[in-house]
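Undergrad: This is what each chain is made of:
There are 2 protein chains.
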Amino acid sequence: MKFIKKLSVLLVLLLVVFVSCKAQTKSISKNDNTQKHPNLILTQKGVESIRAELGNVPIFDASLAKVKAEVDAEILNGIEVPIPKDFSGGYTHERHKKNFLIAQKAGVLYQILNDEKYAAYVKEMLFAYEKIYPTLPVHPQTRSYARGKLFWQCLNDSNWLVYVSQAYDCVYNYLSPKERKQLEKNLFIPFANFISEGNPQFFNRVHNHSTWGNVAVGMIALVMDNDELLDRALNGLKTDNIDPNAKDNDGGFIKKAGQKVGFLANLDEPFSPDGYYTEGPYYQRYAMYPFLVFAEALHNVKPEMKIFEYKDGVLLKAINTLLNLTDADGEFFPLNDGQKGMSYYSRELVSSVDIGYHYGGNQPELLAIAKDQGDVLLDDTGLSVAIGIRDGLAKPFVKKSLQLRDGADGTQGGVGILRVNGAKDEFTLVSKYSAQGLSHGHYDKLSFSYYEGGNEVLQDYGLARYVNIQQKGGGNYLRENTTWAKQSIAHNTVVQNETSHFDGDFETGSLNHSVNYLFDASNLDAQVVSAKESNAYPGTEMHRTQFLLKDKDFENPLLLDIVNVTSSNVNQYDLPFYYFGQIISSNFKYNTPKVLSPLGSKNGYQHLWNEGVGNSTSGNAKLSWLSNERFYTLTTVVNDKDDLIFARIGANDPDFNLRPEPAFIVRKKDIGNTQFVSVLESHGNYSPVTENAINAFSTIKKLEVVFSDENYIAISVETIDGNLKLIVVSLKDSAKDKKHSIIIKDKAVEWTGAYHFNNLK
Amino acid sequence: MKFIKKLSVLLVLLLVVFVSCKAQTKSISKNDNTQKHPNLILTQKGVESIRAELGNVPIFDASLAKVKAEVDAEILNGIEVPIPKDFSGGYTHERHKKNFLIAQKAGVLYQILNDEKYAAYVKEMLFAYEKIYPTLPVHPQTRSYARGKLFWQCLNDSNWLVYVSQAYDCVYNYLSPKERKQLEKNLFIPFANFISEGNPQFFNRVHNHSTWGNVAVGMIALVMDNDELLDRALNGLKTDNIDPNAKDNDGGFIKKAGQKVGFLANLDEPFSPDGYYTEGPYYQRYAMYPFLVFAEALHNVKPEMKIFEYKDGVLLKAINTLLNLTDADGEFFPLNDGQKGMSYYSRELVSSVDIGYHYGGNQPELLAIAKDQGDVLLDDTGLSVAIGIRDGLAKPFVKKSLQLRDGADGTQGGVGILRVNGAKDEFTLVSKYSAQGLSHGHYDKLSFSYYEGGNEVLQDYGLARYVNIQQKGGGNYLRENTTWAKQSIAHNTVVQNETSHFDGDFETGSLNHSVNYLFDASNLDAQVVSAKESNAYPGTEMHRTQFLLKDKDFENPLLLDIVNVTSSNVNQYDLPFYYFGQIISSNFKYNTPKVLSPLGSKNGYQHLWNEGVGNSTSGNAKLSWLSNERFYTLTTVVNDKDDLIFARIGANDPDFNLRPEPAFIVRKKDIGNTQFVSVLESHGNYSPVTENAINAFSTIKKLEVVFSDENYIAISVETIDGNLKLIVVSLKDSAKDKKHSIIIKDKAVEWTGAYHFNNLK
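Heads up: the protein sequence lines correspond to chains A and B, in order.
So for the first sequence, the numbering used here puts the first residue at 26; every next one is plus one.
So for the second sequence, the numbering used here puts the first residue at 26; every next one is plus one.
If you're looking for bench data, these hints aren't it; they were derived computationally from the structure.
Keep in mind that a hint or two might mislead.
Identical copies carry no separate label here, and so any pair may be met within one copy or between two of them.
Here are the simulated EDC-like cross-link-like pairs (lysine to aspartate or glutamate), alpha carbons at most 16 Å apart as the crow flies [said to hold, decoys possible]: (1) Lys-619 - Asp-680; (2) Lys-203 - Glu-78; (3) Lys-449 - Asp-86; (4) Lys-122 - Glu-716; (5) Lys-70 - Glu-729; (6) Lys-757 - Asp-397; (7) Lys-61 - Glu-686; (8) Lys-210 - Asp-273; (9) Lys-449 - Asp-354; (10) Lys-425 - Asp-668; (11) Lys-91 - Asp-680; (12) Lys-342 - Asp-268; (13) Lys-156 - Glu-686; (14) Lys-61 - Asp-268; (15) Lys-123 - Glu-743; (16) Lys-772 - Glu-95; (17) Lys-123 - Glu-716; (18) Lys-619 - Asp-758; (19) Lys-627 - Asp-668; (20) Lys-342 - Glu-735; (21) Lys-110 - Asp-293; (22) Lys-148 - Asp-545; (23) Lys-327 - Asp-250; (24) Lys-156 - Asp-265; (25) Lys-61 - Glu-743.
Keep in mind it's a predicted model, so treat the numbers as computed, not measured.
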């Protein structure tokens, strides 16, 4: 079935390629039938429906009023097309960015309101660009591996063309054939050629950059009806002479030898069958706009391609996936390079949700998200959504526990998300055992983050960058992104001998991925995710198993975290927990230094201040803290030789680029095989208004590893009331129907399946 | 007029004293006319009105339902009266605290719902206490200067009696005379005696502790109709033998020789005529409940005292004062020892607002606060408020710029609050030039804090304590409150030679206060507050003048901060700015150390890490940061010898009791007279969702002191567009009608009044 679908798409594509072979890049659109515009995103039929509904669809009307106010203000301000000069955050960058956003909106307003002032504005802007483009040199800022002309990187030039193509489509019929010819000859075709033929290292890749480039060329090709450019967009440049060892600014490879490129390859490769995009949710969000807007355009202009069915409907699937990759506030998990705070309120997700609703079978849960967003696209899709909301069709979007496989065929590890309701908020565990994630990947195999509602309990640091804030390195990636944010020690995962996974080597990391061992969210009282990593440190295998457990003795679900490390060598292992807030108590003695020194000299350790070291003789180290008015206690099994380190980010940070946030690091030394076994409780709360401290103490008296061999590990949790819970995990066989039996403290324990959870008394 | 009022109150009091001379402490209530109960807070008439309105007043009904649910759950749980053992946060402390809160509520429910189960519950609890009290020793925790029996300090025992008196009043008629006699003999009278005669060092003071003690004794006296105890409550113990050098746990003096004590003295002395309570808003909030609830009881039982008119109606005035001492979120400015986050949503402010509305002339603005609180008292006052809200009488409570004088007669400095609307939120400057503030005072003469909406831009650290969190020093004041929070360097004020004001000596501090020089909020475009301090450092005068300026060239109001320091000696001066957030840029070079050392060894400096030091050769040091998604830039006039220090709280903090927040410190060395002149801009914003950085740069090109002598200082602010603003301040004469003239850069500048503000071009 799948094969046949793929085959039919391929046949269509071959046809497209065949037809386009005769096209010439320098020719303008071969088809002058202007009657059909707009047809890219807005359609003639859609415009009619919209006009008919104006005033009757509250959210649509509100979005329209907002856009109109914004564009009217810009029209009053007048058109500015400055000679490019600045990095992101600077005037010329922000101005050109605003121009393409406003041009697209003005085009839409022209169609919907049928008011020529908007068309005139777009026309004037287009000709202002047409005037400067032919003589524009490459952008003066030299940092990018692919410099644009309007912007410092081709990526932003491509953004421009994606939006301006839509504006052009909207005013196509307003312009005379002569005007169109002039624009296409002097602006659009050279523009498309520059970001493709002129920058193959940008265009011919599998990367979000290239997706933008491909889509930019594809969008203008569809408006101009230029098959050659469309083929280039879909399938890439035929030749590029890219050195297979070449890398981009982020350290990512440009292109593997023989790799397929173009829009379709960018759909094939980075998207898994579950709709997970290998770079992570932040970049998936960024890429979704071009992916979906071009898909919509292809659907409208080339319906025979059935683009929304491509790869088993991966594009539509990816929208739901992306929505599931958010916390309770709708903010994306900052896996890999992700800027915190980016959320499904972004314009890319407004368009994704609208397109997903319109072309994906009117899923009523998407209306709930759209309602939260309070904004819709001013096109057929936004109208559908606004009407759906108006008509009360919205249903809650309930995020569930789920596993998202990584890799084009879903075989390169993945991300496991467990969710469970607590006393007040939902708890979310995000477990990462994916592939490298291209150039935006971090060395964070088997890392995780943990949320209570919209608050991070244990954080993923995200990226070291202030996107678009010019003063901070031009708004681009800071050196600390490499020296800190990507390093293993910056994550809640095991670090061996103070070196990062794969020794921080991108090529090695790119060849490997973790492997899921177990994912089972079927029992809401004991959800589990488990994965193994055997390549990050040659000779060492790490196996992490995490449970979210609901138990009557605890106010909130417990996070049980078990890391089994087996190694042929003797090593030092560090496991950090990046918590937030104020330390309330510990059950062990520690010393705080009079003078703070960095915890190490490289691999990220140089960025951590050592704020204190302790040891525990009780078998357990307990640390409690208060964050967002709630108490948390981490209990972890230790021996008296383990170091318990209080650390804080911020050493060797001469420009104060890092956030000075704390970590608690458990260090096990001079050991080969070992386990890190920890339980994190969320308990009680504190209000500075009532000044009541409710349930401020841990419920755990003792956490113990009661059995451990190469096949099994068993943990007991004893509560302060003397109740005992036993958790056993089979480490080598995760089959659901496999029967197991072991002797723990002279008692036989028998069970079926990969794990066992029992209240003993 | 005032004098006559005072005189009449005194006459009434003399009468009370006269009558009570014949009373004997051990006698029970002389009046057995049970028909009049309840009459303390609830009244028989009030109960009738409440019953008549039940079901018709939404907020009252909601509050009643909430209280009923809470009490019903406690009744199900059963009564627990454990033998006292714990500090605050511990089980016995929290249980006894819950008991008195629930008992009071159960009493109210009995009256309103006429359901005997509530009376039975109160009765059972009272007798449970009656059973243990006679043999209870002093509380085993020894930390307090006045240990209680149920709690570790008499303060909490007094809280208990204030609430339980109300419960007793409500069930008075439910009990038989014999039962009442037993309770009064074994519980109430010994209890009242213990916290008064048994602890004169607690009872006979001017302090919030004593207010609670006085009111506790007074409330039970009113219920029992015991005039001797009532006199003791109003006027204190006749003899106490308190050593005039004795201090309490917070380092405050117990009592000055010959000082008046008792409830009325506690109204006379710490309240200024403006209703400002010298300990600061956090403790004013704490004291308001006993002040007002006893006033209400006196009003009901002894209407002839006209307590609400006492001291020109200061109690009712204080309610509005307290509401004005909050930020946009209703949180109190944490002046002196104040825990952040405490707000007008606290139960003390619910009662204050209700009582203020009912007895203070039905001010409709209070209804707006009550509406926000969403909760009312279950008595006559709460009913009035709920009816007012139901009937739509609420009007917005608009906080204005105002000066609150400190000191019993208003002559001991004060607090100046300037408020002005910005582009998005209101800006609030809180300038502190008050007296010491008793034992909860900080050494922070001429300090200030600054808010944008509900967010702190420049913070007052507040206290070093986690109130009621047992793990943190029993929930009590931590040693860092003394070593850090009270010290001058912990505040946004000038510190000379790394010593605190008054050398951190409480006695000296208590003898002195700053002096207001100028407060003028009449011109919304240029509001000003100015004060002088000449005792904090003998031989040195500090004069701080702060403007909030609205100017067309700036997106938001500017804070202009001018500190003139004159000294007969050569000193080092430090001026810290406790900002929040992430540093974005600076215009000067600085070095960050490889290893962090404390900035000093004592007076709070031992708690600051030195994270970097720079110098500026341009005449201005500029620092920009991003906090709460907004940009801020501080521009300050410096010379190349001034040190620009990046500091962070947290050194020498072995229990991690401090919050690791940053400061920027301007240090001027080896100098006698000097000025600190700074402008703080709030500009633009950054959204992680749109990733747009709007107006991310300072608008100031140059800040300059263009004139300075002993009489005048003139500042010019040049914008990046070349516009020039001139601000001149007369330093020695603040008269409104005084004409001034000086020559600045060969040009005569003439004006009338204390200051001059002009756009030059």
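Undergrad: Please work out whether the CA atoms of Lys-123 and Glu-716 approach to 16 Å or closer within one copy, between two copies, in both situations, or in neither?
TA: between (48 Å within a copy, 13 Å between copies)
Undergrad: Treating 16 Å as the Cα threshold, decide for Lys-342 and Asp-268: within, between, both or neither.
TA: neither (34 Å within a copy, 79 Å between copies)
Undergrad: Can you tell me if Lys-449 and Asp-86 fall within 16 Å by alpha carbon in one copy, between copies, both or neither?
TA: neither (36 Å within a copy, 25 Å between copies)
Undergrad: Between Lys-327 and Asp-250, at a C-alpha cutoff of 16 Å, which is it: within one copy, between copies, both, or neither?
TA: within (11 Å within a copy, 93 Å between copies)
Undergrad: Is it within, between, both or neither when you check Lys-619 against Asp-758 at 16 Å Cα-Cα?
TA: neither (50 Å within a copy, 49 Å between copies)
Undergrad: Checking an output row: Lys-772 and Glu-95, CA cutoff 16 Å. Within, between, both or neither?
TA: neither (73 Å within a copy, 46 Å between copies)
Undergrad: State whether the alpha carbon distance between Lys-122 and Glu-716 is at most 16 Å within one copy, between copies, both, or neither.
TA: between (49 Å within a copy, 12 Å between copies)
Undergrad: When no copy is named, should Lys-61 and Glu-686 be tagged within, between, both, or neither for a Cα gap of at most 16 Å?
TA: Cα proximity of Lys-61 and Glu-686: none, with 57 Å in one copy and 61 Å across.
Undergrad: Between copies, within a copy, both or neither: which fits Lys-757 and Asp-397 at Cα up to 16 Å?
TA: Answer is neither: 45 Å inside a copy and 58 Å across each miss the 16 Å cutoff.
Undergrad: If the cutoff is 16 Å on CA atoms, where do Lys-627 and Asp-668 land: within, between, both or neither? Let me know, please.
TA: Classified as neither: same-chain Cα gap 19 Å, cross-chain 31 Å, threshold 16 Å.
Undergrad: At 16 Å max between alpha carbons, let me know whether Lys-123 reaches Glu-743 within a copy, between copies, both or neither.
TA: Neither way: Lys-123 and Glu-743 sit 60 Å apart in one copy and 29 Å across, limit 16 Å.
Undergrad: If the cut is 16 Å between Cα atoms, do Lys-148 and Asp-545 qualify within a copy, between copies, both or neither?
TA: neither (57 Å within a copy, 55 Å between copies)
Of the numbered hints listed earlier, those contradicted by the structure are 2, 3, 5, 6, 7, 8, 10, 11, 12, 13, 14, 15, 16, 18, 19, 20, 21, 22, 24, 25.
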